[in-house]
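Colleague: Note that the protein sequences, when read in sequence, are chains A and B.
For the first sequence, position 6 (counting from the first letter as 1) is numbered 6 according to the working numbering, and the numbering increases by one without interruption.
For the second sequence, position 389 (counting from the first letter as 1) is numbered 389 according to the working numbering, and the numbering increases by one without interruption.
These are calculated hints, taken from the structure and not from any lab test.
A few of these clues could be false.
[Stated by the list, open to error] Simulated restraints on C-beta separations:
#1 G387(B) to F314(A): 38 to 48 angstroms
#2 E419(B) to I77(A): 45 to 55 angstroms
#3 G107(B) to D184(A): 53 to 63 angstroms
#4 K207(B) to P320(A): 51 to 61 angstroms
#5 K207(B) to F314(A): 53 to 63 angstroms
#6 N297(B) to K69(A): 21 to 31 angstroms
[Said to hold, decoys possible] To be clear about the criterion: a stretch of chain A counts as covered by chain B if any three or more of its residues have a C-beta under 8 angstroms from a C-beta of chain B, and this derived list gives those stretches:
#7 68-76
#8 112-120
C-beta: ideal position from N, C-alpha, C; glycine also.
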Amino acid sequence: MSSEVKEPAAAEAGTANETGRRLNMIEAINDALDIMLERDPDVIIMGEDVGYFGGVFRATAHLQEKYGKNRVFDTPISECGIIGAAVGMGAYGLRPVPEIQFADYIYPGLDQLISEAARLRYRSACDYIAPMTVRSPFGGGIFGGQTHSQSPEALFTHVAGLKTVIPSTPYDAKGLLISCIEDDDPVIFFEPKRIYNGPFSGYYDKPVEPWKKHKDSVVPEGYYKVPLGKARVVTEGETLTVLAYGTMVHVAEAVCREKGVDAEILDLRTLVPLDIEAIEASVKKTGKCMIVHEATRTSGFGAELSALVQERCFYHLEAPIERVTGFDTPYPHSLEWAYFPGPVRLGEAIDRLLKD
Amino acid sequence: MADRPAGQNKPALELHVPEPRYRPGDKADFSYLDIPPAGAQPRPDEACDPRETTPLVHDLIRVLGDDDRAHGPWDPKLDPETLRIMLRHFSMVRAFDERMFRGQRQGKTSFYMKCTGEEATSVSAAMALAADDMVFPSYRQQGILIARGYPLVEMINQIYSNKADKLKGRQLPIMYSSREHNFFSISGNLATQLPQAVGWAMASASKNDSRIAATWVGEGSTAEGDFHAACTFATVYNAPVIFNVVNNQWAISSFSGFAGAERTTFAARGLGYGIASLRVDGNDPLAVYAAEQWAANRARANKGPTLIEHFTYRAEGHSTSDDPSAYRSAQEREEWPLGDPINRLKKHLIAIGEWDEERHSAMDLEAAEHVKATTKEAEKNGILGHGLHQPFRTMFQDVYEDLPWHLEEQAAQARREREIKWPGEEPWA
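If we strip away everything but chain B, and leave its shape as in the complex, we get (with noise of 0.2 angstroms):
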């Protein structure tokens, strides 16, 4: 460097910045994308260590074939039923989506997020856990509750935040809650929950419990700090926990260049850690419930902890307040090749002799209809900005577990403003 005059770098250094591939306008063409065939993939031993993944990491678990077959190491061999089971919590997560947004629409509550194309990462990764296998998800994982059978109305009065919102109207709309389920408090904050999980495994472990706990986290959140403090928290302690990435390929409008994608793959991270690593595509159910099974046995042999990136694809826009054709081409969710999970799992299950059109259409027009009727229920406790929901008090409880007297002040403060604002109105418990 001494013999180096100043200023002399040739060429002159350039400021990379990450472009996707395709814009509005742009003809979507997934090609480069390396699809191995499905069955092609090695299964290690999960007592494996962990470099014994490495192959994974840039590679793509699938079972599900372009035959709609199962194939290979990774074939979970599920029985019909569970398969039908599966493509039913499927086929209500995408009804309950349709409402909920066309709910928004209508002005019944403030915000709503779909899962659209990534039903597979939450339900089927749910149903390899056990029910008292905690879990700490983000945002997008409503499967998780409707596999684990959390009440629709409960989801439903949460996002209207009506006056049986179990959350008391605290919380913005999908960030549910559920102790009794098994599932953790969502919060706004991302990745957050990913240190969390550690040390709830950390716990279970100290406890020499049985349980483990699996986390949820999108590609664009694995830049956060806590991703990093998680995954080396996770490897020091042999924490019995997974760890899912939801590789959507976009986290709002930022394609997954803008968290490291074009280098390298999000399961790669995770080997960096020491952790067992696999990367699995995320629109094939079969390979996702694979995979969570693995990673849920490691975990349970003191193991230690697995990451799985769910190669997907995010089908719709980010949020009710996100509108993709301002950034993408609108022809990417058709070009993907990877195709639509419950699709995917319908035709296997007729390509088995296990289904049909007819009772597929069925379940369908069955799913909508329960959504419809459970949507009018919860609509009796009322719906965002028709009424005062909640008794105003409750707005100060919980903060701690008893009122301390700054906030029995301020609470009385409210309770006059009640008063002038909206006289005689609402009970005050």
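In isolation and in its complexed conformation, chain A is listed as follows (with noise of 0.2 angstroms):
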């Protein structure tokens, strides 16, 4: 990470100087889709209410405005227009960057996703590619309820063809986002909205610490990437392995820290291509490795990542995997706390894993 840092010291010592602002991740994607408009003009934004008003999230705040109504546009309520229609300017030359509002809404576009932007280069050769970065917030952590906490990224790995990315600081979130807008295949980046305005440690009930006080919020002004399938270490440690994104990278550290465990923590940043050299060097080096995801269990990407490391890893592995995640029912209002992964269920399989 730190070779594409251009303030390499200020990002590791949490300082901010001139350069290295202080941003929420809502700040830093909108600062990375403002240099993308500026560098690009074939980058265009599209997506329910990003035009005039900003995004509900207020990511596209005041893009609109700065690069007009050609680059940044409101569109129909319709996710299949909108995924549709970027992959028709893809075709044209464009580079498309549309937002689904909320993940949980991206099952009305999901045939345009899966049957056509993900196999366009493959069924054309190469005659046509579909390079849009589809962004969409999505997680759970905000009393969202069924339809505005959800976490579909399984849906989206199984696709050949698709990338799925996704960060879990301001830092990395527009060094990434700037990295998917570049590639030439579409991408699914999925902002956890439960930490757009501050890391979330899972214990619900202590206030929250904004962004402004952790170190990853050094967000360098201007141009710079974080490169795709490229795990972050987010702790180096010799005991475990945590294996996490989004959300949970901040709530496996903060359970980790509480129980004073030397665990290693890595966060996958993008599950497809994923980081397996990563991966493999730290559970040979820990032999014991938990997985932690939101979404729910089965056929999760947990599964995906417990099978590889079993596959890889299987001599060295001194414990089961351990796979902590959303309960398989639909997410629920009044029982978040129960259904969220937090420090209980998390604490649980370290004690699992540690018992020996």
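Hey, can you piece these two chains together into the complex? The hints should help.
Modeller: Okay, structure coming up:
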């Protein structure tokens, strides 16, 4: 990561300097979009409420004002239309960045994503490509109930031809989003909305600290990239490996800190393509692996991670791989904190891993 | 409602499930269809308000009359040489369909779909567009490729999935793609090309380009949600796009009533979105050309999208996997009141003294010979099921721009299997 940082020292030290402003994740995403609109005249942004209003989460604030309605515009409420039109725009030669207001509402666009965007390069033998980045807020922990909390990443990681990217810090959100927009493959960019304004420990009854106090909120001005397919080592450790992404990176970090576990936490950042080397190296070192995600358990991305670790690190494993996930139910409203994979569920899994 | 006792509807409600008029063994009679005389339909200005097309959505724009002559304001007044070119394209498309259908029956490929009776909806429409206008076809518009001069040998290479197939044997036969001919990659998923065409047209407009987009969809697929999304986006952004709805009466075994045709026309749908809409005799090549040209001029002048319903008849089975005698009257084809588009154009050219039977027979023979010779040429590159035409590695390429590690691993597996299953047989490029 540090190789891409313009101000690595500032970022590591968590101190702001003249170029390293502190931004929350929304501001970092807005900054990435602003930079790419400026750099590439073929980048366009479209989606429900993204234009004049600047998005329901403010991710596209002021962009229409700055770049005009040809570049940043509102769309009808039709996810199939948004993604289908983006495929056509990509075929023309544009580089569309459509927004789906909530990941829970991406399903009407699935045929266009799975049957079209993902396969266009393959089926046309490169006659046509779909260089688009679908941004969408995802994940729970905000009392969003059934249709504002889902984590559908496994639907996309299962599709050949799509890339799936999930940031967990403002610094990564900007650098990864720029990489996604420049990538010629279709990318699903899921933004964990629980941590738009500050990292979340999973201790829902404690006050949330804003990003401004976190070292990864130092976001350099201007253009930089965080490469796709590379995990981030959040903490180095010897006792066990934690594989996480999005909000759960912070939950895992807080729980390991609380329990005093010397864990090596990997923020996967990109699910496809996956940083298998980083995973393999870490699990072979620690011999223990805990996989954490908010999404439901059965056939979730954790199952793929577990299988890969089992296949590649079998003789190094000292305990069964643990999967800490959401339950196999729709996301409930009032029972949110019973559903969410929080400190108790993570803690029990850690205890099982460490019991011998 | 409150003063109405529950469960007291009189008479009891009934579910209406549409049923076509004629099933196998029935005598077909299309006299119920209201076929207006050629030349009787008004031609509004291309820049008109969409509402001015209202009378046309329940009418049928026709140019060629029973006297084989062109009539009325929709006559595109094409010169005889252009008409002869159109006729040659028709002849080629039909000869091609015949040969490829036979090729499938002979086991040279797995699948084929003819467009018999619908040649005008692709050839005549394509001829009214500019070569750099982008087309987003469905699977029954092979006429566009032929009208645009795409080499027949490339079409056959694709159908045979042979070693010269530009799509590397990845696609089902007839799912062509040619960027060079501004012909978008065909997908098996129905109606997905509609919002894509709108997006392409929006992109062209946003770049102040002059190119427009045209897309084709069968009447059956207008029931897909993508049709609604596309019409909404097209009207909202005034996109320079043409929707060609090819109403050939049949979606495999389902008659057009299952797409809503019992109650309204498909052209009338367009009007509901605020899109200028025309309903055209799809077997009248001059009417199809004129409507497409009207829509193209409208789009080029920033006056927005047009929906054209081409009223036609699917004369053959849906595909080589389909037997229409299992669900419709065998008489329908001969009784179809709008005739055959090729025959109608031929008779018109003869009527105006620009063609004759001898030349027509010679043309058909020449087309058949050309297709035959081209097929032989393509067969040198292999046919489906004879040998391994594509290096295995190509199976893994182009999923992404670069090969990720997991595909590298799987490609290595495929290579090991190749050495066991087909030792020494194919190159590993």
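Colleague: State for each hint whether it applies.
Modeller: Evaluation of the provided hints:
1. Between G387(B) and F314(A) the C-beta distance comes to about 40 angstroms, which sits within the given range of 38 to 48 angstroms.
2. For the pair E419(B) and I77(A), the supplied restraint of 45 to 55 angstroms holds, since their beta-carbon distance comes to about 54 angstroms.
3. Taking 53 to 63 angstroms as the suggested C-beta distance range, the pair G107(B) and D184(A) does not conform, at roughly 39 angstroms.
4. Our hint of 51 to 61 angstroms for K207(B) and P320(A) holds, since their Cβ atoms are close to 56 angstroms apart.
5. In this structure the supplied range 53 to 63 angstroms holds for K207(B) paired with F314(A), their Cβ-Cβ distance being about 54 angstroms.
6. For the pair N297(B) and K69(A), the supplied restraint of 21 to 31 angstroms holds, since their beta-carbon distance comes to about 26 angstroms.
7. By the rule of at least three residues with a Cβ nearer than 8 angstroms to a Cβ of chain B, the coverage given for the segment 68-76 of chain A holds, with 4 such residues.
8. Coverage of the segment 112-120 of chain A by chain B holds in this model, with 5 residues showing a Cβ closer than 8 angstroms to a Cβ of that chain against a need of three.
Going through the hint list in order, the structure does not satisfy hint 3, though it satisfies all others.
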